[in-house]
Every structure is written in structure tokens, then in C-alpha cells.
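Enquirer: Since each chain comes alone in its own frame, lean on the hints to assemble the complex.
Given next are the chains, with one letter for each unit.
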Amino acid sequence: MAKDQMVMYEEEFNQIQLVVDKLVKDANAKVVFIVDKNGQLIAAAGDVDNLDTTSLASLTAGNIAATGGMAKLLREEEFATQFHEGSKQNVHIQLVGNRVILVVIFDSRSSLGLVRLRVKKASEELNKIFESLLKKVQEPGADTPFGEITDEDIDNLFND
Amino acid sequence: MSFINYMAREINCKIVYYGPGLCGKTTNLQYIYERTNPSAKGKLISLATETERTLFFDFLPLSLGEIRGFKARFQLYTVPGQVFYDASRKLILKGVDGVVFVADSQIERAEANIESIENLKTNLAEQGYSLEKLPFVMQYNKRDLPNVAEVAELRELLNPTGIPEFEAVARTGVGVFETLKAVAKLVLTELRKGGG
Chain A
67 MAKDQMVMYE EEFNQIQLVV DKLVKDANAK VVFIVDKNGQ LIAAAGDVDN
117 LDTTSLASLT AGNIAATGGM AKLLREEEFA TQFHEGSKQN VHIQLVGNRV
167 ILVVIFDSRS SLGLVRLRVK KASEELNKIF ESLLKKVQEP GADTPFGEIT
217 DEDIDNLFND
Chain B
125 MSFINYMARE INCKIVYYGP GLCGKTTNLQ YIYERTNPSA KGKLISLATE
175 TERTLFFDFL PLSLGEIRGF KARFQLYTVP GQVFYDASRK LILKGVDGVV
225 FVADSQIERA EANIESIENL KTNLAEQGYS LEKLPFVMQY NKRDLPNVAE
275 VAELRELLNP TGIPEFEAVA RTGVGVFETL KAVAKLVLTE LRKGGG
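Chains A and B are the protein sequences, given in the same order.
Count along the first sequence from 1, then add 66; that gives the number in this note's numbering.
Count along the second sequence from 1, then add 124; that gives the number in this note's numbering.
For reference, chain B alone in the conformation it holds in the complex (with noise of 0.2 Å):
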């Protein structure tokens, strides 16, 4: 659910980094986090535990400039991605614009997953909205790991409707931005078409 602000002349849309455990959503955060000019972006919070595993929610707000005379605003929230942590992911995906699955590229990460991506169609569904009618991009992370499955492989079992799709390195920057820019412009068409 974007926000129009007349007032202060913004649009404010939420992007939700979705996926398994350990996939690298926080670390997408972290590298737009560090590469993004301060005037344009928050302060990158993160509610996680003592090892550093996402507990709630980590929340990046970003400006990315101006569309006809309106401050486009994107605020980045990723969820926990452990299995048990489900009533939290529910939550954030509350009023949520876009999605990115970030996908582990690793063989041994296929089951995980293809339930995180399961989870997110059921998460989605008891709010009323569905994957195939959201903007949502597909993010291959960890390609620099020797054990990863082929792109080919992915894409037929995470991505069997072609959504934009991006190979990443989310620990060297690799992919990210790209993953970033093709989901915030699929939430930008959104609204022109008035359904945001």
C-alpha cells in the first residue's frame, strides 16, 4: 500500500526482502546501506539477536529522487527468515508494494527454499494479496559458492513464470542494486496503472 503525500509532495512505497534463513536478505540491506549517498538514505535498523540473526525486521529507508514533482521514497524491510519466526513475517508483510525473494543458490538449500517461497504465497494470500499480481523479482544469491545449483535449475523451481530474475553476490555488491532498481521500477508501473 503506497502513501501519497500531497503535502509534503512524496509517495512512500515498501519493499519486503523475502526468503530462507541465511540467504542473504539483511546483507542486501547492508551493501545499499553502505553504498547509498547519506543525504538519500535513513539509518539502517536492525532488530536481531546476539548472533546477529534477524529477530524481527531490519528497515532501510531510501530516497531515490523525484517523479513528476514527488519525493520517491522506498522503505527496504526484510523478514526473519527462520522457519519459526512465521507470525513475525506476517506482519511485515502488512501493506507491502514489491517483493524480492532472495534465493540461496546452494544445492543443499533447494528444499528451503522452495518452502520459504511456499510460505510467502500462503503469508500473502491471508492478507488478500497474491504473488502474480505483485511486483516481485527473483534475486539468485550466492553465486561465488562452489556447491551452487545451475541458474537453470533455479528458475525452474522458484520461477516458472519468468519474473525478472538477477545472479548476485550480495556479500560484494554483486546483483543488488540491480535487483533493487528492477523492483522499485515494477512498483513505480504499479501506480501508474493506479493500482498501488
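The shape of chain A in the complex, shown without the other chains (with noise of 0.2 Å):
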């Protein structure tokens, strides 16, 4: 299973954050996150003080995965964008080469319009950044921090 293997490092993280920090400024959200398609959160920015976005992961990829269950059954590939109304608050969620998806919360001072150009050129820029990630993953000698973990660190994790 080591090819699924999620990683991210620090050179790649700070790329994504530029990303959607820019992407909260031009298309005036609130909020936007990334997450990957199994619900793992993999940055924010914007007004998420107050915001569960371990829970709004989660439900985010049930819903994508959900989109996509619909999709193959319809003979689609994949429905790449969602758009939720609300009466105050809007949600635009869009699929990023199959792999992560952005998410922007908006509201009244901004419009889908604008959300919808923006995400279109920030899914072009960190299409790009997780591509490279992914090679980087995959690049013999990769190794995981993990391989030296000892059976006492793993109990010490359970002493109550």
C-alpha cells in the first residue's frame, strides 16, 4: 500500500498555504481548505478560528465520494465541481486532478463568479504542487520516520 502513501513536507506545504492564502484574498472568501479525498485536512486559511475543520474534512470527502459513487453509476467520470447555496453562506467545492479537493466558503461579499475563476487558477498551480509531491513520495529512498518505532513506543502511546 505504500503507493497511496499521503506525505506532506514542509518545502510543499508552504507552497500550498501561498495558495490558499492568495485564494482567500482574491476571490474575498471566508474560508478555504484542502483536503485529501480520504477526509485528511491539509491546510486552511481564512476565518477558521471558530470553524470544526477536522469534522468539515470529513464530511467533505464523504460527500465527494459519495458525488463520485453517483458519477460511475451515470457512466461519468467524476462530477469535479459542487456548488451548496445557503441563505447566508456558500459553499464551492471542486476536485483537484483527482486527488485533493479545495473548498471555499463565501458569502454575500463575494460571488459564485469570481469563486469559480479564482479556484480555476489556483487548482491549475497546486495541480502542480501535488504532482511533484507525488513524485517526490514515490522517489526510492523515501523512507517513513516511522520505521524505527519500537513495540515500547507503541505501548507507551496506550499508559493511561
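Hints are not guaranteed to be accurate.
As the list claims (entries may be wrong) - Simulated coverage check for chain B against chain A, where a stretch passes if three residues somewhere in it have a Cβ under 8 Å from a Cβ of chain A:
1. 132 to 144
2. 167 to 173
3. 177 to 189
Quick caveat, the hints were computed from the structure, so don't treat them as lab data.
Since the structure is predicted, the reported quantities are computational estimates derived from the model, not experimental observations.
For glycine and all other residues, C-beta sits at the position ideal for the given N, C-alpha and C.
Expert: Here it is in C-alpha cells:
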């Protein structure tokens, strides 16, 4: 299963953070976050202090998974974009490179058109970053820091 | 598929509770949620029907502490047990790092248990996983009920390969943390091999 391993390094994380920080400003968004398809939060920007981003990440991934399941039944490759319209806030969800999910939460200070436009640009940048990240992870010698954990390390986790 | 985040110094792993309808998967998560220190857990999310049957999944994020300078975080998911929710079960297995099979010990649920474990194997195979290679533990739940099968019988039916197994009463918490610890240990051991 090593081929599926998701790893985030400091260099790529910083590049990704720059993209999401910029997207918050450019799209007049409240919050932008990136989740992998398994529901792990990768990066977030904007007004995230009072937001349960872990739960949102898991639900977003569930949402994308369900939509992907629908697409398969309809013989569509993927529904890459979703839009949820609320009375005060809206959510724009974009699948990037079939690998990660870019979520933008915005209110009346922005508009769907602007968000779509900015998301498109950001998606292209993110795609490049994740492609190079993937290459890095697959390089031989990209080992895990857990190769040397001992039974004792593991047992210590459970000493209540 | 575990997620190692060097930036946040975190390792994230996904554990899925699988089993037939009404076997107690959600009850396991509810007990863990109730008994875990608030600083170590996130919200318990349940996507359920009005009659509290799981519709899509339950989700509980847990932090178990630090290992080699990395925060060990586990995301616990349940699947909907009812047979007709198979499409949803497949989705939840994506990226799984460890599986807990919750068996309903009642004699009349023997067939449902077998059907569910076969379904687990099929759905894992579709994703390119095999149960033999995944961290996997067995929980015989509802041991407090009067009409339960002997553990030896359940073992013969559901656990012929002798994976770690636990007797449980999820409602009162018997065996719940033992099961969780066992699967978490197996997942971390797998990481050491570089498999995660």
C-alpha cells in the first residue's frame, strides 16, 4: 500500500499554504481549505478559528465520495465541481487532479462567478504542486520516520 | 492510507468499524467518545436516519498522543450495516488503514455476520486490498445477551485465521477500548514496516 501513501513535506506545504492564502484574498472568501480524498485536512486559510475543520474535512470527503459514486453509476468520469447555496453562506467544492479537494466558503461579499474564476487558477497551481509532491514520495529512499519505532513506543501511547 | 504530515508533525490513520446491521458499530464509537478526554477528541459526527440507523457513516477523530515526535491521530469511521447500503460501505473503505469487525454474538445473527464479513472481503478486493494483509481485529459484541453463541463457534465461523479477538458489551463499554487499542497497535506496527 506504500504507493498510496500520502506525505506532506514542509516545502510543498508552504507552497500550498501560499495558494490558499492568496485564494482567500482573491476570491473574497471567508475560508478556504484543502482536504485529501480520504478526509484528511491538508491546509486551511481565512476565518478558521471557530470552525471545526476536522469534521468539515471528513464530511467534504464523504460528499465527494458519494458524488463520485453517482458519477460512476451514470457513466460519468467525475463530477468535479459542487456548489451548495445557503441563505448566508455558500460552499464551492472543486476536485483537483482527482486527488485533493479544494473548498471555498464565501458569503455575499463575493460571488459564485468570482469564486469559480479564482478556483480555476488556484486548481492549476495546486495540481502542479501535488504532482511534484507525488513524484517525491515515490522516489526511492523517501522512507518513513516510523521505521524505527519500537513496541515500547507503541505501548507508551496506550498508558492512560 | 496513512497520511504523514511533516509540517504539522502528525500521522493520520483511518480505522473502519464494519459489521452487520445493529451489531453495535455506532455504539462502540459513542462509548469511545463519552470516555475520551475532551482534549483528545473531536466531534462525533453521525449521518443517520430519523430512526438512528446509520445512513452514511459515523466519524470520530481521536488523538492518541505522540510517537517519535509525531502526533498519532486516528479517524474512526463506521459503515452503515444494512445490506442495501453497500454502495456507501465501499466508499468508506477507501484509504482504510485498519478494520474492526463487530460481530453480533446472538445465535440468530450468525448468517448476517457471515454475509457481512464476505461483503467486507469483496469490497476490499474491489479497492485492491485484502483482509489478510490489513490490520484487522474481531470483536464479539453483545456478550451480555442470553441467546449468544459460544465464542468457539463464532471463532470457527468468523475468525479461522486467529486474528486478535475480543468479547464485548459495547453498550457498557466492556472490550471497547481493548478492541481499539489492538487495531491501533496493528496499524502502527504496519507503519513501521513502511506499509502504511
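Enquirer: Name the hints, by number, that the structure is in violation of.
Expert: Hint check: nothing fails, all pass.
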